[in-house]
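Student: For reference, the chains in residue letters:
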Amino acid sequence: MSLVDLLNQVLDIKGVTSAAVVSGEGFIVEGVSNQGIDLGFLGGFIASGLASSQVLADLLGGGEVRQAMIEYEGGPVLLTPLETDEAQYVAVVTLDSTNTLGRARFQLRKLLPEIAQVVNA
Amino acid sequence: MTLQRTLRPLLTLEGLRMVLVLTRDGLPIEMLGHGLRAEVLAAEVAAVAEAARNCYRTLGLGMPRHHRVTLEEHEVVTVALENHYLTLVLGIPSSPEVLPFLYQNTLQPLEVALGGRS
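Quick note, the sequences are listed as chains A and B, same order.
Here the first sequence stands for residues 1 to 121, where the numbers follow this note's numbering.
Here the second sequence stands for residues 1 to 118, where the numbers follow this note's numbering.
Please keep in mind that the hints were generated in silico from the structure rather than gathered at the bench.
Nothing here was measured: the structure is a model prediction, and the numbers come from that model.
We put the CB at the ideal spot given by N, CA and C, even for glycine.
All the pointers check out, no bait thrown in.
Have a look at the derived ranges for each label pair, beta carbon to beta carbon:
1. Gly63(A) - Tyr103(B): 26 to 32 angstroms
2. His34(B) - Asn34(A): 44 to 50 angstroms
3. Ala121(A) - Tyr103(B): 41 to 47 angstroms
4. Tyr103(B) - Leu11(A): 26 to 32 angstroms
5. Gly24(A) - Asp25(B): 23 to 29 angstroms
6. Ala121(A) - Pro9(B): 47 to 53 angstroms
7. Gly91(B) - Thr98(A): 21 to 27 angstroms
8. Asn8(A) - Leu107(B): 35 to 41 angstroms
9. Gly15(B) - Val29(A): 32 to 38 angstroms
10. Gly115(B) - Asp5(A): 51 to 57 angstroms
11. Met1(A) - Asn54(B): 31 to 37 angstroms
12. Glu39(B) - Asn8(A): 41 to 47 angstroms
Some chain A residues judged to face chain B by a derived CB distance under 7 angstroms, without partners named:
13. Ala57
14. Tyr72
15. Gly74
Beyond 10 angstroms from chain B on every Cβ pair, some chain A residues (computed):
16. Asp5
17. Glu25
18. Val29
19. Thr100
Assemble the whole structure, with the sequences as input and the hints as a guide.
Tutor: Have a look at this one:
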């Protein structure tokens, strides 16, 4: 199954409005959206936001970043580092509301390992 | 009401390790708890928050209300105030009641204590 196929499966989760895989440097590897959301914004956040989150992790002695979530007025954005062999990749998912956050997280837990596997291949 | 007194009820939250109030540009102005370097924590929290703010225009989802970074052993929750950020460092698993508690009990008196909106 291709990365686009898997991202489309993420997009099928209730409440998800876009899904992408972004490299640690901020380049979009692949992205899908059903509301015309411009995924170009992701690069800046991944590069600076996740780097600072990792510094937070080092500061707290708490290991790696598992997930970052930003709640905007229009819905939350989930950023989950993928377990890949070498370069860092992050799965980014936007949702329409926090009401669907729990269900989306649950279903993402099943899909993210498959996405990481395809990114690794 | 002093900042310290406004923040003190947060100490009842399960798993809470530290509370920090900082300016938007990353300067710590009040802290409860210890064992962490407030200046470094404030600078990094502000950097994460600023990155989230910078995304909002393109994303078209409005301004960021709060963000939550989940680490292996801690969770860092940051809420945007009018001119400041409030950050909580919690142990994992953190209570799901944290954000409702903040919004119901803390944010309004904190804004008043900081001289912002009432």
